[in-house]
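There are 2 protein chains.
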Amino acid sequence: MTGTGDPAYLGWSGRVCAATASPQTLTYYNLGIRGNTSEQIEARWQAEAAPRFLFPADARLVFSFGVNDNCIEDGHLRVSAKGSIACARRILTQAKAQYPTLMIGPPPVEDETINDRTVVTSMAYAALCDELAIPYLETYRPLRQNPIWMNEVTLVDGAHPGAAGYEVFAQLVLAWAVWQNWFV
Amino acid sequence: MTGTGDPAYLGWSGRVCAATASPQTLTYYNLGIRGNTSEQIEARWQAEAAPRFLFPADARLVFSFGVNDNCIEDGHLRVSAKGSIACARRILTQAKAQYPTLMIGPPPVEDETINDRTVVTSMAYAALCDELAIPYLETYRPLRQNPIWMNEVTLVDGAHPGAAGYEVFAQLVLAWAVWQNWFV
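Chains Y and A supply the protein sequences, listed in that same order.
Residues in the first sequence are numbered from 1 upward in steps of one, following my numbering.
Residues in the second sequence are numbered from 185 upward in steps of one, following my numbering.
No wet-lab data here; the hints were simulated from the structure.
Keep in mind that a hint or two might mislead.
Unchecked claim - Beyond 10 Å from chain Y on every Cβ pair, some chain A residues (computed): (1) 202; (2) 245; (3) 266; (4) 270; (5) 283; (6) 351; (7) 355; (8) 358; (9) 368.
Unchecked claim - Part of the chain Y face toward chain A, derived, beta carbon under 10 Å: (10) 8; (11) 17; (12) 29; (13) 47; (14) 51; (15) 93; (16) 94; (17) 136; (18) 138; (19) 179.
What the hints assert, rightly or not - Stretches of chain A that chain Y covers, calculated by requiring three or more beta carbons in the stretch to come under 8 Å of a beta carbon on chain Y: (20) 210–224; (21) 288–298; (22) 328–336.
Ideal Cβ placement from N, Cα and C applies to all residues, glycine included.
Using the sequences plus the hints, can you model the full thing?
Below, the structure is given as structure tokens:
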């Protein structure tokens, strides 16, 4: 999924790749699915990564999830706070055992009741990644304070920004020293 | 994979989506993998499409393969001419039974021995799609005659163009009446 709401169909990850490296150097597969929770990603990521990493390459993984866990569906939280952290622990532990891995934290949306849960999730992911020695980029607080992000999310669908908001997100990744050093 | 060789990381499919519809209307998942043959796509497409089509939507499929079948690996054709058509028949028959399906034919590359096989494959896919009542867009001949495509493919890696070549490919799809009518 390349950026729901993005008229350029790039999303933050496409923008980050385009600004990071030449396409001869970096091949990028975007395996995000609209609305997926961490548990839905856990069920498929290994099967989907494997055929993409057959081609001889310096394979790497970048995960980003958490907002959908904190949404309400049919009156219930989609993934409990405990379940979300336990799932992230399983995904990231298995990922790191196989490939260099980064984690990008969940961003804020329009709904502040979701945000109140997401900020807690984001802090728990940070602590987990610290424990697992996986670099973690928090996006929640910088985006919550960013009027471009918050305005576009409200205008588009309550959860996804437009082109300018994706660019703001991409700039957070591009400014991250960990990201910059990953390609040295 | 969003356009090996494309500095914009869009490829032809990203460019087609951006020119076709607003991102609120059209969510696009690019499941191409570098170097995949038809048989490798057959092994994974259903498992990868299913979780992307869980979200309530008017789900559609667009396939494009064939060049890698016609490449030599370890002294052997990766997929035989017969095998390639048989595989396309299985994929497209199963696809059409589940979702509206289009097929985009394989483009030319730099190597004319591969091209000599690809043009035969492309004509066989056209006949197969006609039999299965699946719309087929031939790209081989218009791109073989297009100097932008052929020059960029030679400059980049022998198989993939740069931004201008992907734009030429995208324009073939956008000019296709079948594509235009798919969104009416």
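Verification of the hints:
| no. | hint | in the structure |
| --- | --- | --- |
| 1 | 202 | violated (5 Å) |
| 2 | 245 | holds (16 Å) |
| 3 | 266 | holds (24 Å) |
| 4 | 270 | holds (21 Å) |
| 5 | 283 | holds (16 Å) |
| 6 | 351 | holds (14 Å) |
| 7 | 355 | holds (16 Å) |
| 8 | 358 | holds (14 Å) |
| 9 | 368 | holds (21 Å) |
| 10 | 8 | holds (6 Å) |
| 11 | 17 | holds (5 Å) |
| 12 | 29 | holds (6 Å) |
| 13 | 47 | holds (7 Å) |
| 14 | 51 | holds (6 Å) |
| 15 | 93 | violated (22 Å) |
| 16 | 94 | violated (18 Å) |
| 17 | 136 | violated (24 Å) |
| 18 | 138 | violated (25 Å) |
| 19 | 179 | violated (16 Å) |
| 20 | 210–224 | holds (count 9) |
| 21 | 288–298 | violated (count 0) |
| 22 | 328–336 | violated (count 0) |
Checked against the numbered hints above, the structure violates hints 1, 15, 16, 17, 18, 19, 21, 22; every other hint is satisfied.
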